[in-house]
Amino acid sequence: CGPRYPSVPPEVKFMSKINMSAVDGEGNVVRNMRKLMPNWKYANTIADVLGEIRKNMASNANRRLNQPPEGANY
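Under this note's numbering, the residue at position 19 of the sequence shown is numbered 19, and the numbers go up by one with no gaps.
Treat the hints with caution; some may be incorrect.
[What the hints assert, rightly or not] Once the Cα atoms are required to be at most 25 Å apart in a straight line, the calculated BS3-like pairs of lysine-lysine come out as:
#1 LYS41 <-> LYS17
#2 LYS55 <-> LYS13
#3 LYS13 <-> LYS41
#4 LYS55 <-> LYS41
It is worth saying that the hints were derived from the structure and are not from the lab.
Go ahead and model the full structure; you've got the sequences and the hints to work with.
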């Protein structure tokens with residue numbers, strides 16, 4: 001987490017390749033986590049962030065995307 005956490009959401013990065021709407025081509029979860037968590041509050045935790053990422057992964061739009069081969073990394 002950066003020095004401003006928990007005032008601002010943490011930066012999150014995948015090490016394993018994933019095709020997901022909230023992840024850019026370098027594995028970074030969208031820099032503006034407000035797209036995933038529009039009501040970020042000081043009281044939010046890393047567990048909340050992971051829960052929101054999990055929900056995004058399970059969305060119909062993301063479940064239908066082709067995924068990179070097993071073991072592929074950024």
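Structure-based check of each hint:
1. A C-alpha spacing of about 29 Å is found between LYS41 and LYS17, which places the hinted pair above 25 Å, so the restraint is violated.
2. Distance check on the hinted pair: LYS55 and LYS13 sit about 16 Å apart at the alpha-carbon level, within 25 Å; holds.
3. For the proposed pair LYS13 and LYS41, the alpha carbon gap of about 21 Å is at most 25 Å, so the pair holds.
4. Annotation: proposed proximity of LYS55 to LYS41 holds, straight-line Cα distance about 19 Å (limit 25 Å).
In this structure, the one hint that does not hold is number 1.
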